[in-house]
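**Student:** Chain A is fixed; fit chain B onto it per the hints.
From first to last, the protein sequence lines stand for chains A and B.
According to the numbering used here, the first sequence is numbered sequentially starting from 1.
According to the numbering used here, the second sequence is numbered sequentially starting from 1001.
What the hints contain is simulated information worked out from the structure, not anything from laboratory work.
Where is the CB? At the ideal position from N, CA and C, for every residue including glycine.
Errors might be hidden in some of the hints.
[Unchecked claim] Among chain A residues calculated to face chain B with C-beta under 8 Å, some are: (1) S53; (2) V54; (3) E218; (4) G230; (5) F433; (6) A473.
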Amino acid sequence: MADNSTYRDELAPMSRAERRAGTRLILSAVGLHKKWVAVGVAAGLIWTLARVSVPKITGKAIDFGVTNDSDSQLPKWVGFLLAAGLVQAIFTGVRRYAAFRLALRVETDLRMRLVAHLQRLHFGFHDEAQTGQLMARANSDIAQVQNVVLLMPLTIASTLTMIAVAGVLLARDPLLAVFALSTLPMLQIAAMRFSHKMFPIGLAQQEKLADLSAIVEESITGIRVVKGFGAERRQTSRLDAEAEAVFDRSLQAAYLRAWFLPLIDLLPTIGLIGTLWYGGHQVIAGHLSVGDIVAANFYVLMLIWPLRMLGMLLGQIPRAVGAASRIREVLKTDPVIADRPGANPLAAGPGEVRFENVSFAYGSAGLVLDGLDLTIRGGESVALVGATASGKTTVARLLPRFYEIDTGRVLIDGVDVRDLRLHALRTAVGIVFEDTFLFSVSVRDNIAFAKPDAPIEAVRSAAVLAGADEFVATLPDGYDTLVGQHGYTLSGGQRQRLAIARAVLADPKVLILDDATSSVDPSKEHEIRAALEQVMKGRTTIVIAHRPATIALADRVVLLDGGRVVAEGTHLELLATSERYREVLASSEDMPA
Amino acid sequence: MRGQGAWNDLVPADDMSRGEAKRVIRRLWRMLGPWHRGIVYASAVVVVQVAALVAGPSLVRYGIDAGIQVDDKGALNLAVVMYIGVALLSLVLGRAVTRMVARLGESFLQWLRTHVFRHLMSLSMDFFEKEKTGRLVARMTSDIDALQELISQGLVLMVQNVLLFVGTAVVITVISPLLALVTLAIVPPVYFASRWFRRVSNVAYLEVRDRISTNMSTLQESLEGIRVVQAFAREKHASDRFSETNEAQFEANLSTVSISAKYFPAVEMSGVVGTAVIIGVGGWMVHAEAATIGTVAAFVLYLNNLFEPIQQLSQFYNTVQSGGAALNKLFGLLDTGPSVSERPGAFDIAPSAVDIVVNCVSFAYLDDVVLDNVSMTIHSGERVALVGPTGAGKSTLAKLLARFYDPSSGSVSIGGADLRAITLDSLRRRMCFVPQEGYLFAGTLRENVRIGRPEASDVEVEDAMRALGVLEHFAAFPGGLDTEVREGDSRLSAGERQLMSLARAALADPAILILDEATSNLDPGTEQSVEQALEALMHGRTVVVVAHRLSTAERADRVAVIDGGRLVEYGTHADLVGAGGRYASLFAAWVVHRP
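So that you can see chain A by itself, here it is in the shape it has in the complex (with noise of 0.2 Å):
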């Protein structure tokens, strides 16, 4: 489904320090390629003049070969026109090579630049940021900067030809200029004013079709609720009423170019008649030649695409502008999370995490740990059960320091967390998220994701160890089964323990359990309960579960409530002490049948 705020993003209106941040961005990224740039620069005036002397060929040509009796000086300035024509045609080749690779090499820089920002940037920042605008930033974005960029160096030779050629004709006869050239600068008014129109009604029109896309999108994948409410007329009423509105955006844009595009075709044709008229009258009383005219004439068909050319992209810049500076945005934006100055690696220890006094919230928003005290020894595993809200995720997101803890402080082996290097850090703590995520990867390479040099052997056992092993056997081509979004569709338990076996392979001092195993059918969770045990042993491991059976797993529970630890004790003592505890485990029921 499109995400209509993007499209909307391009016609907010720009703060001048916007549009100079902007431009400025384009130009650094064009200055880093300066070779290619002079390279489009130097084709271009070389084809300049090659381009400018064909008509001036031309006409002399007709004067003095065709117009002129005799034979002899045709074939001498046919010659010319062809070698004219050759130096145009090599050089218009390196011209458009030079501008486009210059174009290209920007785009692919930038957006190089763009995505790797994007990966140091905290958790925080991706909680806020959309993925369709992250992704328009990098790909409508910048592709309208390329735009801009590409037609750069055509411009500069294109208004060189403009001088070139006002130049020749005003040399020849000042009047004859101004009839041929007087109607193109309204040429590229005209195709400015186009481009400038079209841009919002052709948003406005991509608007509409994604929201008619979207409402053939959901009537299909919620056909279960179309067809069991009998809602096709509901549905179809609705995309009635946007193919309606598609239609009107349509006619709007088809409108508008009904109006510019035949206009455009007509203004350089007022040129060639004013040409014929005036130039006409001047060999008639002997002061110019036919040639003159064609010469002329010709002029005027060479600048009709260099112009829309030029309006087009005075139609563009402001929109590059724009997209520019929204992804400099992003770029400006510093990782809230980082190194910091003299951090340190981990030094061996047994894993020892503590909690000191911390308090958390996301945001603005309300505290979600307050004043939380916890220790969990080296080797121990703990199982944190609470409520929705009871901030048990919390504890998970802040032992890797994927958020900054407002006060006390988060310590693993006596250090506190933000004294050591990241890497360092989060090789050590390896978690298992509740919404798995594999990458469109083998399951091979998935399991491997920390430690992509494992051997095979390394990946299998961690994938036994998971309760993975079984089900990768029977996938088509075992461990070299494509998965993720764009293959093999596993099961939300599946995936949860390819999950597991990819933190397990990571070998972390500190392993975290997000209720990674809630998805897992009970009957399987049976299978994979004894394989957890193995991977717990001698571990530092946090577990978050609801189902008794995993809780039981872990040497002591701790319950959490509000942000803090309201008890703690085995899974017997406070089944037998906490009413609390009761509560919450009292609805976890379920069972297949």
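**Tutor:** Frame of chain A; chain B shown alone:
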């Protein structure tokens, strides 16, 4: 002159055979029936407009030969005035024709969109289960968009260009057959160069498209998986992986540039060669008094009219081809009929009819027998749970009851009337099929509840939600019941979606409910609300529930155990547990694990 071969090149040839293409065009023409008159008018205007364009250089010729060369100012002025007239005419006609064609094309597209969607919605469940969602969506989006592009961008220009080329060729042949012959000699090389360019750049662009989509999906994945990447400290690895696909996109783009860096010089060179040939041969003819200077000048200007169309048409080729392929696929969809449809003479179901009788029903799906001779009766007001292992056929049975499919043999009837004899509309008013994984449509919460009964008032929506005890919960959302939601909306938990689904059913208020119980796990908190809402919804209705939890079966009036497509046990919970059969052992196993 352009021969038959050139035209055949413009019709889709890669995806379709020539015969197929002809069929598609013929069928399209029939489909365009209501627009025929408009098409004829628009075509007439285009012909006049192109004639005006072609007249231009001839007027220049007249001005030079009859005016300038013989010092006749009157003839020169006449040529200029006529040229102005012709230019204005072509402006006016150009605007008119663009508007006419847009109106025709866009209204046809609007009709096509609604027509195809209506057809799609009339198709039966089995069709949607066989076809991939993405492909069906593509029929309505990218396929129709391909036609849209053809109509809005290409159609007028294409027709104009063909006419311009033909018109110019005819006019120059009339003016000077010999000079026309040498001028047209430049056409075949340009034509073949354009064809080469189109073919080679097509392949290159396909590659570019491929690499772009790979690059974008790598990016999307690295954004969606950013938490995993950071959790494992693999940022550099992810950047490297992106860098590879990013550079691959660059390389693919650059290879298209190399192609055009060969083609465009060749075309520019041909232009100059054309001019040189006209002047060389024309000059010689002028000296031999076989042509006038005006003719030579006109030919130089006409050369543009020959070049532009060839280049433009070769660019339209792709648009035309994908438009044709899109139409072919759309026709394929339109030719698929619904497998479940209303018989002629179908009648509305009697309002009192409730008893459901399944009589010797068998159902085969793609040669697999899913249900084998099942017979059962569900009485009015009764609550029946269908239980059995995955793939046993319980969901299929539920869908047969809702007439998502028709049985291969046997019959399902309500109140004595065979489902196949009843109108689908009246059936849906009596019976709703409620998949419990609540699917959210884009719109407000209120609109989502209203799916089953679009005409319901706000009060009715709220009453239905209140009856289930969920009104307060949803009214507490930031925007209340007017909160905008959409599928995949992370603000609604799985449990809340289920509640929405139940509220939908409550508003539709059918006498018979077919429920497909959710398999996913819920948060302990919402689980209770769902149970309560479900209980309230089932109250006073005839219910058939596909049960994934034995607690649901335990509360039902009767339990039907389906295994291997057969009904193996059917009775009350107590009876079946007492009988010690399949159900009893399932239940015993479950009780042990119960917390």
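**Student:** Determine for every hint whether it applies to the structure shown.
**Tutor:** How the hints compare with the structure:
Because the closest C-beta pair between A/S53 and chain B is about 11 Å apart, greater than 8 Å, the hint is violated. Proximity of A/V54 to chain B holds as hinted, the smallest CB-CB distance being about 6 Å (cut-off 8 Å). The interface hint given for A/E218 holds, since its Cβ lies 5 Å from the closest Cβ of chain B, which is under the 8 Å cut-off. Given hint, A/G230 at the interface with chain B, holds; its Cβ is 3 Å from that chain's nearest Cβ, closer than 8 Å.
Checking A/F433 against chain B by beta carbon gives a least distance of about 7 Å; that is within 8 Å, so the hint holds. Evaluation of the A/A473 hint against chain B yields a violated restraint, the C-beta minimum of about 20 Å exceeding 8 Å.
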